[in-house]
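Take a look at the letters that make up each chain.
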Amino acid sequence: MSPNQLTITQALDKLRKNEFSSVELTQACLDRIEQTDTKLKAFITVTKDEALKVAKNADEIYQKQPEKINDYPLLGVPVSIKDLYSTKGILTSAGSNILKNYIPPYDATVVKKLKNAGAVIIGKTNLDAFAHGSSTEASDFFTTLNPWNLEYLPGGSSGGSAASVISDQTIFSIGTETGGSIRQPAAWCGIVGLKPTYGRVSRYGVIAMASSLDSPGPMCKTVEDTAIVLNVLAGHDPLDSTSSSVPLVDYTAALNQNLKGLTIGYCEKYLNKPVQPAVAQAIRDALKTFSGLGANIKTIELMDPKYAVAVYTVLQRAEVSSNLARYDGIRYGHSVLRNKKYQPEDIIDVYNETRAAGFGEEAKRRIMLGTYTLSAGYYDAYYLKAQKARTKICRDFEKAFDKVNLIVGPTSPSTAQKVGARNKNPMFGEMEDILVEPSTIAGLPGINLPCGFGNNLPIGLQIIGPQFKENKIIQAAYAYEQATDWHKKRPKIASVAG
Amino acid sequence: MELTKSQTQHIAELARIKLTEKETGKTQSDLSTALKYIEVLDELDLEDIEPTAQITRLSNIYREDELKEPQTLSQSETLSNAPHQSNGYFSVPRVL
Chain A
1 MSPNQLTITQ ALDKLRKNEF SSVELTQACL DRIEQTDTKL KAFITVTKDE ALKVAKNADE
61 IYQKQPEKIN DYPLLGVPVS IKDLYSTKGI LTSAGSNILK NYIPPYDATV VKKLKNAGAV
121 IIGKTNLDAF AHGSSTEASD FFTTLNPWNL EYLPGGSSGG SAASVISDQT IFSIGTETGG
181 SIRQPAAWCG IVGLKPTYGR VSRYGVIAMA SSLDSPGPMC KTVEDTAIVL NVLAGHDPLD
241 STSSSVPLVD YTAALNQNLK GLTIGYCEKY LNKPVQPAVA QAIRDALKTF SGLGANIKTI
301 ELMDPKYAVA VYTVLQRAEV SSNLARYDGI RYGHSVLRNK KYQPEDIIDV YNETRAAGFG
361 EEAKRRIMLG TYTLSAGYYD AYYLKAQKAR TKICRDFEKA FDKVNLIVGP TSPSTAQKVG
421 ARNKNPMFGE MEDILVEPST IAGLPGINLP CGFGNNLPIG LQIIGPQFKE NKIIQAAYAY
481 EQATDWHKKR PKIASVAG
Chain B
1001 MELTKSQTQH IAELARIKLT EKETGKTQSD LSTALKYIEV LDELDLEDIE PTAQITRLSN
1061 IYREDELKEP QTLSQSETLS NAPHQSNGYF SVPRVL
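Going line by line, the protein sequences match chains A and B.
Sequential numbering of the first sequence, starting at 1, is according to our numbering.
Sequential numbering of the second sequence, starting at 1001, is according to our numbering.
Please keep in mind that the hints were generated in silico from the structure rather than gathered at the bench.
For glycine and all other residues, C-beta sits at the position ideal for the given N, C-alpha and C.
Among these hints, one or two may not hold up.
[As the list claims (entries may be wrong)] Reference listing, derived: stretches of chain A covered by chain B, where coverage requires no fewer than 3 residues with Cβ under 8 Å from a Cβ of chain B: (1) 240 to 248; (2) 304 to 314; (3) 382 to 390.
[Stated by the list, open to error] Below, a list of computed lysine to aspartate or glutamate pairs in the EDC-like style, where the Cα atoms sit at most 20 Å apart: (4) B:Lys1018 with A:Glu345; (5) A:Lys298 with A:Glu268; (6) B:Lys1005 with A:Glu345; (7) A:Lys260 with A:Asp285; (8) A:Lys392 with B:Glu1043; (9) A:Lys306 with B:Asp1045; (10) A:Lys392 with B:Glu1039; (11) A:Lys306 with B:Glu1039; (12) A:Lys392 with B:Asp1042; (13) B:Lys1018 with A:Asp328; (14) A:Lys399 with B:Asp1045.
Just chain B, with the same shape it has in the complex:
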């Protein structure tokens, strides 16, 4: 399947990646190439076959919702890599 330019631009927008004009063209052609490799799935009879999401067949692993020391980071550790912080919070530009 060939993607159109406007589809490619829409995907980039959804993915929150700004593309240059040149990148858009290359992406359009690279994604179209990849989609061709995927098309072979249409040759398989998948009627009545359950999808596999978890390969070792685990489901719903529960645990108590409690704080445990070793995997709890302090506020300063949590913020240690942030570009902007303010009063112990991540600081972000205007959202709305």
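So that you can see chain A by itself, here it is in the shape it has in the complex:
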């Protein structure tokens, strides 16, 4: 087995035993990227030189300061990062033309935490521009392909991250989710992806999309790796006032606990059309596995997810229109002012021209829908109404969690869709994310686990829990993973090389 194919747990073990160095491990990932990424296109930027330097420093600690190893929970382990995280001195494009030359002068808190934990950043991964989408087809640069079948999409918006993990270009990755952007690509690529409770992980330095929903989180090969990374990322950050001070727990302590006494709910509505029969069957099989592990299985009622899609569409577009107002061509990013021949009429003209050229179709569409719903006379009819409906969805989940500890369902109604699928419907993303948006709206944590195959593509199972109960989710997810071997499957990408 080549070192790049390992999990975090395995890699750390071998680094400690000196079976290979971090430089060798990092080089194995970089080689894999070189061999496969001309076709997969998971990366926007590969930070080879910087990565090897950091790896070398990690090796020094392993060799010369072994007493310090435990201070760095990810010492020498390669990670790819969604190109939505500000990385000091490294291009941070958000997958968009308007930021295609943007070099941040500071690190996001998550990036700083990864660096402090000893992780080796190997590059920045592709995404739908500004994380607006569920396929990477809305990237202003290129589309990432699904490593299981290159005619299919990896999902999105953290599609580059998911593809880089399942193709063993990296040991793990970091994504962000606003409404499905970690869980859905994790499902389509067959990896573990955790969207933490809103506020559990700091948003500071993550290029803002919808600030009341954005949640950074890990994308890994196993549940154990996910728990290790969440331990590093979680916690209050004085630089993000919406990050939570709810006390932290050791998420790895939730591994290896049995499921006796745990009640898992599922909702029939989440298994009906448009959910593909193979997907629904895989979830029913998983429920049997949970039952065999000692959990009680109970049916529950939940609101039709179409209401969550409506709430999500209003809130997310409104917050996008406000957050993307900052791209004005004055302070950073693409600007018509950089064109020497341009003679501005006035400053409004600078805004109009800069934004027309810098934003892609999806960003424009979202900004304008949000602008409309927030515009004079429409606030009550859209934004306020959606916020009230949001309360209703939260109460609906609270009621459900009175009866069950966790809720299980499909992550996506389908397995990966073909390249080009997005162009058929301006609401493509929302329909792909219909089963994750309710929990997003309620700020709940959720995980995707691989649970089967349909059409030779991975099927994803999600487990949702109450706010700040990531440990319960990890407990159930780990037990399921140990009882199955879906997480061990890898696509044959050797054929991709060249």
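Chain B: place on chain A using the hints.
Structure of chain B alone, referenced to chain A:
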């Protein structure tokens, strides 16, 4: 709800995005499609329900208004991505 062409043009103006004629038509139809998905909210009884803005129920997080080194950028770092700068300021075309 169907948006009219003049509504679409007004929205683009508010959003400070210049649209071509072709883009205006496509935007008009795409936004109208999205609004249809939102209409289902009218089916819900939202009488006497409080709106949720902050999902983990935080409110009014205060801090001292003081400079802290790590998150303070120098003037040159702040201006490092600007298309035009002059004497340590962002430089912009005529505003009024």
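Hints, verified against the model:
1. 240 to 248: This one holds; 4 residues, not fewer than the three required, reach chain B with a Cβ under 8 Å.
2. 304 to 314: It holds, with 7 qualifying residues against the three required.
3. 382 to 390: Check passed, 8 qualifying residues.
4. B:Lys1018 with A:Glu345: holds, 14 Å
5. A:Lys298 with A:Glu268: OK: A:Lys298 and A:Glu268 at ~11 Å, within 20 Å.
6. B:Lys1005 with A:Glu345: violated, 25 Å
7. A:Lys260 with A:Asp285: Holds - the C-alpha atoms of A:Asp285 and A:Lys260 are around 19 Å apart, at most 20 Å.
8. A:Lys392 with B:Glu1043: Distance ~13 Å between A:Lys392 and B:Glu1043 Cα, so the pair holds.
9. A:Lys306 with B:Asp1045: Within the cut-off at roughly 15 Å; holds.
10. A:Lys392 with B:Glu1039: holds, 16 Å
11. A:Lys306 with B:Glu1039: holds, 10 Å
12. A:Lys392 with B:Asp1042: It holds: about 13 Å lies between the C-alpha atoms, which stays within 20 Å.
13. B:Lys1018 with A:Asp328: Given that 20 Å is the threshold and the Cα spacing comes to 13 Å, the pair holds.
14. A:Lys399 with B:Asp1045: Holds, at about 17 Å.
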